[in-house]
Amino acid sequence: MLYWLVGLGGLMGSLLRYGVAELSLLLPGNEAVLSVYICNVLGSFILAWLLVRAAEMGHWGDPVRLALGTGLLGSFTTFSALSAEALGMLGRGDWITALIYVTSSFIGGWLAAWLGWRLGQPTIILADKGEAEL
Amino acid sequence: MSLIWLYVALGGFAGAMSRYAIIQFISTRFSTAFPYGTLTVNVIGSFVLGLLLGTNMDEESKYAYAALGIGYLGSFTTFSTYAVESLQMSQKKRWRTLLLYQLTSYGLSISAAAIGFLCGRSLT
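These protein sequences, in sequence, are chains H and P. Per my numbering, the first sequence starts with residue 76, numbered consecutively. Per my numbering, the second sequence starts with residue 14, numbered consecutively.
Bound-form chain H, shown alone (with noise of 0.2 Å):
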């Protein structure tokens, strides 16, 4: 059952991922490094939201943690792409482009998900300027 809410999940994620992939080949200049991070960014802010918000849905927490969380953003976004990417910039000795990248996606997620875990803390709980553990 579990595996199946995964599953499922994973299938939205990798669809809203090609759907994101699809629309920046509209845009000029380097689509696929965009579409990739824009996923990855916005996927770690969301899952650090939903994992505050899902600590506080009690026996609704781990079906919506697995479905959404492991399945949709696990899924939304993603490494290999990222390591394909990265791998492309050196392969063509664009060591530094590669360095961007890599620190850039870094610094990209680690930001969205603090800025998600951030506003998924109730107002209550801030108020008492006490933080609920990620």
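No lab work stands behind these hints, which were simulated from the structure alone. Since we're looking at a predicted model, the values are computed, not measured. Don't take each hint at face value.
To be verified - Simulated restraints, written as ranges between beta carbons of each label pair:
no., chain 1, residue 1, chain 2, residue 2, range
1, H, 171, P, 109, 46 to 52 Å
2, H, 171, P, 107, 28 to 34 Å
3, H, 168, P, 19, 36 to 42 Å
4, P, 47, H, 76, 28 to 34 Å
5, H, 171, P, 19, 35 to 41 Å
6, P, 41, H, 179, 31 to 37 Å
What the hints assert, rightly or not - Partial chain H-side listing against chain P, Cβ under 7 Å, derived:
no., residue
7, 90
8, 115
9, 152
10, 161
11, 177
12, 181
13, 188
Said to hold, decoys possible - To list a few chain H residues with every Cβ distance to chain P over 12 Å, as calculated:
no., residue
14, 101
15, 102
16, 103
17, 104
18, 106
19, 109
20, 131
21, 132
22, 134
23, 136
24, 139
25, 171
26, 183
27, 185
28, 197
By construction, the Cβ of each residue, glycine as well, lies at the ideal position given by its N, Cα and C atoms.
Knowing the structure of chain H, use the given hints to seat chain P on it.
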């Protein structure tokens, strides 16, 4: 609507299930603070994607690449969990673990993709 979407979806379904199974398997056996499960799927997935690209699958068989490369491996590997784990490490002030996680995630995954690519090239 192109049939490509169907292949991406089927791959994504199986990829997410496989990732969940492997991370569950690893996290129940090695209960450490270091996220070996996420690292493992990302490194293995990067190797296999490199392998597919090395054999030119993305140009020679579009449907197979949509199912395996975009759907399966795209979903098998993940970035959002890695980002949340990185945030958790910094919130717990585990700076050395955070640094090690970054170096291994990017270093091993990109190296794995390179090795996979070279293997793919030698097969064709």
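Hint by hint, here is what the structure shows:
1. H:171 with P:109: 46 to 52 Å: Violated - the Cβ-Cβ distance for residue 171 (chain H) and residue 109 (chain P), about 27 Å, lies outside 46 to 52 Å.
2. H:171 with P:107: 28 to 34 Å: The hint (28 to 34 Å, Cβ to Cβ) holds, given that residue 171 (chain H) and residue 107 (chain P) are roughly 30 Å apart.
3. H:168 with P:19: 36 to 42 Å: 38 Å, holds
4. P:47 with H:76: 28 to 34 Å: 29 Å, holds
5. H:171 with P:19: 35 to 41 Å: 40 Å, holds
6. P:41 with H:179: 31 to 37 Å: For residue 41 (chain P) and residue 179 (chain H) the Cβ distance comes to about 34 Å; the hint holds.
7. 90: Constraint on residue 90 (chain H) satisfied, holds at 5 Å.
8. 115: 4 Å, holds
9. 152: Holds: closest Cβ of chain P sits about 4 Å from residue 152 (chain H), inside 7 Å.
10. 161: Where the cut-off is 7 Å and the nearest Cβ of chain P is about 5 Å from residue 161 (chain H), the hint holds.
11. 177: 5 Å, holds
12. 181: 6 Å, holds
13. 188: Result: holds, 4 Å to nearest chain P Cβ.
14. 101: Nearest chain P Cβ is 16 Å from residue 101 (chain H), so the label holds.
15. 102: Given that every Cβ of chain P is farther than 12 Å from that of residue 102 (chain H), nearest at about 19 Å, it holds.
16. 103: Correct as stated: the minimum Cβ-Cβ distance to chain P is 21 Å, above 12 Å.
17. 104: 20 Å, holds
18. 106: Correct as stated: the minimum Cβ-Cβ distance to chain P is 15 Å, above 12 Å.
19. 109: 15 Å, holds
20. 131: 17 Å, holds
21. 132: Nearest chain P Cβ is 17 Å from residue 132 (chain H), so the label holds.
22. 134: 20 Å, holds
23. 136: 15 Å, holds
24. 139: 15 Å, holds
25. 171: For residue 171 (chain H), whose nearest Cβ neighbour in chain P is about 15 Å away, the distance exceeds 12 Å, so it holds.
26. 183: Given that some Cβ of chain P is not farther than 12 Å from that of residue 183 (chain H), nearest at about 8 Å, it is violated.
27. 185: 6 Å, violated
28. 197: At roughly 18 Å from the nearest Cβ of chain P, residue 197 (chain H) sits farther out than 12 Å, so the non-interface label holds.
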